[in-house]
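Visitor: So the protein lines, in turn, are chains A and B.
Position 204 of the first sequence, counted from 1, bears residue number 204 in my numbering, the numbering being contiguous throughout.
Here my numbering = 1-based position in the second sequence + 1000.
Simulated from the structure, these hints should not be mistaken for laboratory data.
A portion of the hints provided could be inaccurate.
Each pair of labels, with its calculated beta carbon distance range [said to hold, decoys possible]:
{"no.": "1", "chain 1": "A", "residue 1": "GLU353", "chain 2": "B", "residue 2": "GLU1057", "range": "19 to 27 Å"}
{"no.": "2", "chain 1": "A", "residue 1": "LYS397", "chain 2": "B", "residue 2": "SER1070", "range": "28 to 36 Å"}
{"no.": "3", "chain 1": "A", "residue 1": "ALA386", "chain 2": "B", "residue 2": "GLY1087", "range": "43 to 51 Å"}
{"no.": "4", "chain 1": "B", "residue 1": "GLY1087", "chain 2": "A", "residue 2": "LEU165", "range": "15 to 23 Å"}
{"no.": "5", "chain 1": "B", "residue 1": "LEU1045", "chain 2": "A", "residue 2": "LEU332", "range": "44 to 52 Å"}
{"no.": "6", "chain 1": "A", "residue 1": "GLU405", "chain 2": "B", "residue 2": "GLY1122", "range": "32 to 40 Å"}
{"no.": "7", "chain 1": "B", "residue 1": "LEU1012", "chain 2": "A", "residue 2": "VAL419", "range": "41 to 49 Å"}
{"no.": "8", "chain 1": "A", "residue 1": "GLN484", "chain 2": "B", "residue 2": "GLY1122", "range": "22 to 30 Å"}
{"no.": "9", "chain 1": "B", "residue 1": "GLY1087", "chain 2": "A", "residue 2": "ARG360", "range": "55 to 63 Å"}
{"no.": "10", "chain 1": "B", "residue 1": "LEU1045", "chain 2": "A", "residue 2": "GLN342", "range": "25 to 33 Å"}
List of simulated lysine-lysine pairs, DSBU-like, C-alpha gap at most 30 Å [as the list claims (entries may be wrong)]:
{"no.": "11", "chain 1": "A", "residue 1": "LYS177", "chain 2": "B", "residue 2": "LYS1028"}
{"no.": "12", "chain 1": "A", "residue 1": "LYS350", "chain 2": "B", "residue 2": "LYS1067"}
{"no.": "13", "chain 1": "A", "residue 1": "LYS109", "chain 2": "B", "residue 2": "LYS1069"}
{"no.": "14", "chain 1": "B", "residue 1": "LYS1066", "chain 2": "A", "residue 2": "LYS350"}
{"no.": "15", "chain 1": "A", "residue 1": "LYS486", "chain 2": "B", "residue 2": "LYS1028"}
{"no.": "16", "chain 1": "B", "residue 1": "LYS1028", "chain 2": "A", "residue 2": "LYS107"}
{"no.": "17", "chain 1": "B", "residue 1": "LYS1028", "chain 2": "A", "residue 2": "LYS308"}
{"no.": "18", "chain 1": "A", "residue 1": "LYS177", "chain 2": "B", "residue 2": "LYS1066"}
Every residue, glycine too, gets a C-beta built ideally from N, C-alpha and C.
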Amino acid sequence: MEQLCPWETAQYFIYSSNIPTLFFYSHIPAIIVALLVGFLVFYRSGKSKVGISLLTVSILFSLWCLFDLIVWATNRPDVVLFFWSLQILVEPFVYLICFYLAYIFIKNKDLLLKWKLLAILLYLPVVLLLPTNYSLIGVNVSTCNAIEGFMAQYFTYIIESVFILSITFLTIFEYRKISTPTRKKEVMIFGIGIVLFLIAFSSGNLIGSFTENWTLAQVGLIGMPIFIGFLMYGIVKYKTFNIKLVGSFALVFSLATLNFSMIFISQVETLRIVTTVTFLLTIIFGIALIKNILLEIKQNQAIEQLIKARSDFLTVASHQLRTPVSLITGTLSLMQDGTIDQLPPDQKAKLLEGIFVKSRKLTCIINDILQASEMDIMNFHLSKEAIKPLDVQKLLKKVYTDLQEKADASKITLTYEQVASDKAVMVSGNEHYLENALFNIVDNAIKYTPKGFVKMELLLPEIGTNKVIVKISDSGIGVPVDDQPKIFEKFTRARNAVNSYADGSGLGLFIVKKIIEAHPGGKIYFISPGEGKGTTFYVELTKS
Amino acid sequence: MTKQVLLIEDDLDQAMLYFIAFQHVGMKLETADGGNYGLAQARALHPNLILLDIIMEDMSGIEVLKKLKSDTTTNNIPVIMLSNLAGREIMEQTKNLGALAFWEKTKVMPTEIATRCKRMMGVVPLDNLRHYR
């Protein structure tokens, strides 16, 4: 018959008189919070490598705590041997993953394959020697403590020290290299948190391994709150979850657990009923509270996105404005210091003409930026009062007349094919904005057509539909296939072409799209077979 | 040997301004109208200094800088960023990539740029001019 340790058999694997009550308070909450936080970060960080590593550490750490409780509670030496072995397996792995986590967090890139292999090679003996006497020799049946071999007593701690030192050096090295104060702070807090956790974890086990006093070894568990604090930091850093939410979760969870256990502990029937009602109310109000906080977080995220969009807009807008300004001021400075006087007359004239052209472009860019900015921030829409029946035929005729001169100057054939002369084609729209949008499209077509034609057409709907389609085609430079999905985006040209100011602000089509889509049933799209093959724009409007 | 400055800038009007300004201070400016051509010119001419724009159609100045600094034939050529982009982030980025300085086109006029380059080529050691503005 197998010899048992001198206390009763454990109930539910983790409960016996050998286990100090304090252990349930140190281990179980840490397991729950670590897992909860680990999973939340994992899902909220878009399952990134940092999220995956953080979750792995949480799971491994929780498993280690669970195995610890089992080892303490059981009176069976074979169970001790099994779970003690698992702890030996899991513990250095926590260090390995923590090192990986620290590396990808601090360096912001993945670890090189050779370093990954080296880390695995370092860990490999732990796995290979686990079933041998080098790991565990046996179990002391009077205390149910395992007798550790060389590998468990020394080698695992060597590995752990290597990982702790590596993380420390990595943190110090990167901290000194980084120049951004916020990032510096992030790296420092992260590094200190993770190193303190690992040191605390090691020190507790070191005490146990060498003094055989495994109660004292629980000192190592002071690493738990540090670990949770570090996880919390990760959460805040990744903006994946709000501290407020985690706090509320923890509060609701604790209250519900407390109430739930009271239902079973209470011997008085009426008290049990009251506790059940309290439990249900905690759940209901808890869910309401968490829902409210989630809503608040969502609103905050929307505000943050808006701020970022504005900041991006300002960066590119300021570049767009500076480009012609630098040319104008540059030329003026050459005039001021007399450089320009030494130039031949034709070169001088060219420079002066450049200033004039750039000044005009600058005015256009300012107007476009102001309009696009307003449309972007105010989420442009046309009120019902602003939409009136208007004759699109008349509008197109006006655009055609206004741009005829420009087309002639560019030696482009601009044509307008009317549906039927003098017949009004009424659509729902705003005359000012629609004229602006159609003018922009035709103007663009002329601008990007070095030779050939620009053709304006009005396609009348088939019977049964209430659509009117304006078609503007050209034989111009076309739109490269790669650029086609981006053509209606703000500053698309500006991001790809320094000369964008020469052709406009890079906002024209963004504004046009906003205007057309603000019209009832308004749609705009284009077809271009590719570079140098012309473009055809279609504008769909609704018949009045 | 004549000191050579290469300007990588695909805005021809802008390039012309700098060309005139360099001529005025008695220096010859080589120009390349894009990132790819700029890289080729840097390898072929091995200039004493490169002035590099950031927003270019074929390849951004950041990419050009990375390529220049990772190529053993060009990594020792000092590079000065010359752009209308401004902001701490972009300055920090180019500095970390090995650019010597960041000059904003609206703040430093063409003649001043030409004069600075001339001074750098002749008298002042490059390290003394390591400034970002």
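Visitor: Decide, hint by hint, whether the structure agrees.
Guide: Comparing the hints with the structure gives:
no. : hint                               : in the structure
1   : GLU353(A) / GLU1057(B): 19 to 27 Å : holds, 23 Å
2   : LYS397(A) / SER1070(B): 28 to 36 Å : violated, 58 Å
3   : ALA386(A) / GLY1087(B): 43 to 51 Å : violated, 38 Å
4   : GLY1087(B) / LEU165(A): 15 to 23 Å : violated, 38 Å
5   : LEU1045(B) / LEU332(A): 44 to 52 Å : violated, 31 Å
6   : GLU405(A) / GLY1122(B): 32 to 40 Å : violated, 53 Å
7   : LEU1012(B) / VAL419(A): 41 to 49 Å : holds, 44 Å
8   : GLN484(A) / GLY1122(B): 22 to 30 Å : violated, 50 Å
9   : GLY1087(B) / ARG360(A): 55 to 63 Å : violated, 27 Å
10  : LEU1045(B) / GLN342(A): 25 to 33 Å : holds, 27 Å
11  : LYS177(A) / LYS1028(B)             : violated, 38 Å
12  : LYS350(A) / LYS1067(B)             : violated, 35 Å
13  : LYS109(A) / LYS1069(B)             : holds, 20 Å
14  : LYS1066(B) / LYS350(A)             : violated, 35 Å
15  : LYS486(A) / LYS1028(B)             : violated, 40 Å
16  : LYS1028(B) / LYS107(A)             : violated, 43 Å
17  : LYS1028(B) / LYS308(A)             : violated, 43 Å
18  : LYS177(A) / LYS1066(B)             : holds, 19 Å
Checked against the numbered hints above, the structure breaks hints 2, 3, 4, 5, 6, 8, 9, 11, 12, 14, 15, 16 and 17 and satisfies the rest.
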